[in-house]
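*Asks:* Sequence:
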Amino acid sequence: MNQMPIITSKKQLVTDLYSAIRDGDLAAASQLLDPEVVLHVPGTHPLAGEHRGLAAFAWFSQQTRALTVDGEQIDIIDILEGDDHVAVYCRVRAARDNGAELDNTTVHLMQIQDGVVTQAWLHNWDDVTVDRFWK
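107 is the number of the first residue of the sequence shown in the numbering used here; add one for each residue after it.
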């Protein structure tokens with residue numbers, strides 16, 4: 107049986123989540139997410155929409171990895187904490203086999219309750235470019 111990680115801060119929680127996603131370790135990521143987590147992805151591209159639950163979150167993560175050369179590279183610039191949320195200011199980069207490249211500054215706003223992420227909203231600097239990249 108997997109032990110739940112001991113989280114000492116919201117900043118550690120999201121840092122651990124991004125590390126797990128970067129490593130493709132969806133089992134570790136799922137321990138940091140509520141089973142009913144909701145991921146809100148803006149845009150009109152095929153990955154956009156509301157993804158509910160761990161399986162949907164995993165699907166989104168797997169698709170971003172499968173559609174890119176080496177997955178998305180997410181560089182955390184800053185993490186801002188509130189009572190029940192965290193805003194991750196980051197730079198997301200990726201490349202596709204067709205030569206398309208993405209370099210997008212974004213804010214990921216996450217609601218945190220009982221030590222896990224319950225919702226996440228992605229806010230892109232340039233939605234038009236992001237849509238174009240994922241189509």
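By construction, these hints were calculated from the structure, which means they are not laboratory data.
This one's a predicted model, so the numbers in the text were calculated from it and none came from an experiment.
Be careful, since some hints might not be right.
[Claimed, not checked] Label pairs and their in silico Cβ distance ranges:
#1 Gln-219 - Gln-169: 22 to 30 angstroms
#2 Asp-189 - Thr-150: 29 to 37 angstroms
#3 Gln-118 - Trp-165: 33 to 41 angstroms
#4 Glu-207 - Ser-115: 17 to 25 angstroms
#5 Ala-206 - Gln-168: 17 to 25 angstroms
Think of the CB as a built atom: it goes at the ideal place given N, C-alpha and C, for glycine as much as any other residue.
*Asks:* Against the structure, test the hints numbered earlier, and report the numbers of the ones violated in rising order.
*Replies:* Of the numbered hints, 3 and 4 do not hold.
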